[in-house]
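2 protein chains.
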Amino acid sequence: MIKTVSIIGSGNVATLLAKALLKKDINIKNICSRSMRNAAKLAELVDAKPIINVADLDSDIDLLIISVNDDSIKNVVANIELDLPVVHTSGSVGVEVLSKFSNHGIVYPFQTFSKEREINISEVPFLIEANSSMLKSKIEQFLQENISNKIHETDSVSRSKIHLAGVLSSNFTIQLLIEAKKILKSIDIPFELLEPLVKESIAKAFAIGPEKALTGPAKRGDEDTIRKQASLITSKTLRSVYQDVTILIAKGQ
Amino acid sequence: MIKTVSIIGSGNVATLLAKALLKKDINIKNICSRSMRNAAKLAELVDAKPIINVADLDSDIDLLIISVNDDSIKNVVANIELDLPVVHTSGSVGVEVLSKFSNHGIVYPFQTFSKEREINISEVPFLIEANSSMLKSKIEQFLQENISNKIHETDSVSRSKIHLAGVLSSNFTIQLLIEAKKILKSIDIPFELLEPLVKESIAKAFAIGPEKALTGPAKRGDEDTIRKQASLITSKTLRSVYQDVTILIAKGQ
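Protein chains in written order, with my numbering: chain A, 7 to 259; chain B, 7 to 259.
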């Protein structure tokens, strides 16, 4: 059973996991972060020892959770000399980055996290993977008892594709909202005007399926409107997005 | 005061307006649709006379509402010989298409409509415009008393831009969900896995602003992940969208 953990990272995911574990009967030994200030802040919150160097990790733990930027995982791993059971929390980094550890896996929370938002972690789906069935069942039990029971087993290829689906439908959607907000701002219209439309669009897509939920000029084939709208877009990159998504919509008809 | 109206069109918007007016003290004279079946169906629902030819419109009405496809408005207008007070409900067709009528304007509901979804019309923002202040105040009163009090006055240029903002943040968002669903389907993962992520993303964007809500590999500058994700996309058009939106996100940093 996993009862003692350490966490490398002090970002949104690391913080959320640490806070969730604090409420449960789990002992957090170390919080490791490149920034002593961040390490100390989170460690104090969850009664752990802050460290800035992975060489100082306590060896007496049941699981090490690496929750840092995708690009930093490799570097962090290279500096760990203990053969601990290790998971990372990334959606797009393969499990092979952890292969030097006898027991390793992935615990990927499929949600968007920002410091400003409270997330109910028990509602978050977790995609998990491990190189041994023993570690996998330990992780499952650990998540179920302490974090979330929405657990999906996947391999690294599937997880990459799920992460891509998440980027398209979450990050890209928000970027489109940023672009829409800029357009509204240019005519002194508040962003909030979009709220009923966007929320209904999303609710509809999950209620009746996105294919049926689709409306608008591209779906109807209103060529005049499409041409006029494209001409209103000043950014070349956004205009290219407009044309390509219009093609995707039209192809689906 | 507007007490008697006719509606040209039998689509989602026409149906929703007709149903809302039925509940109020408004007399609907004609429902006009190219398809007699559709005209008859909606007319029966709201106790109106169905017609298929605009030449048969009753002249004794206070407002004619044209609620047809953007591309069809011009053609419909050409066939109306009476000088009635007229509005259309399109977001992107200019008011000048109605210039042959002495009193004309626009009543554009800023929402997405599908037959399968019940919409609370009193929550829908309406963008309005008219060529005379008399008609404008009549329309305002008519909307407030019978349909929705969320009324925004705009000119045609602003309305086009608001419509574009709506297309980007509603229609395009749904197309991205369709693409995400296809990717998940290829690995036998249900679309519903996306629901917590997408709903939180949207809620967050309206709670703290979309700029602050943005997360993901493009925002973090995780180059390896971006390259890997782009390579997972088989459609050339979607890959182009991926690259362009990634650029927009990166530029915003």
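Quick caveat, the hints were computed from the structure, so don't treat them as lab data. As the structure is a computational prediction, the values presented were derived from the model and not from experiment. Take the hints with a grain of salt, since some may be wrong.
For identical chains, the list gives no copy identity; a pair is met inside one copy or between any two copies.
Stated by the list, open to error - In silico DSSO-like links for lysine-lysine, alpha-carbon gap of 27 Å or less:
#	residue 1	residue 2
1	K191	K55
2	K218	K191
3	K47	K106
4	K188	K205
5	K29	K55
6	K156	K30
7	K25	K218
8	K9	K188
9	K205	K218
Against the structure, the hints:
no.	hint	in the structure
1	K191 with K55	neither (47 Å within a copy, 44 Å between copies)
2	K218 with K191	between (31 Å within a copy, 17 Å between copies)
3	K47 with K106	neither (30 Å within a copy, 69 Å between copies)
4	K188 with K205	both (19 Å within a copy, 22 Å between copies)
5	K29 with K55	within (17 Å within a copy, 66 Å between copies)
6	K156 with K30	within (18 Å within a copy, 47 Å between copies)
7	K25 with K218	between (40 Å within a copy, 22 Å between copies)
8	K9 with K188	neither (49 Å within a copy, 39 Å between copies)
9	K205 with K218	both (16 Å within a copy, 18 Å between copies)
Checked against the numbered hints given earlier, the structure breaks hints 1, 3 and 8 and satisfies all the rest.
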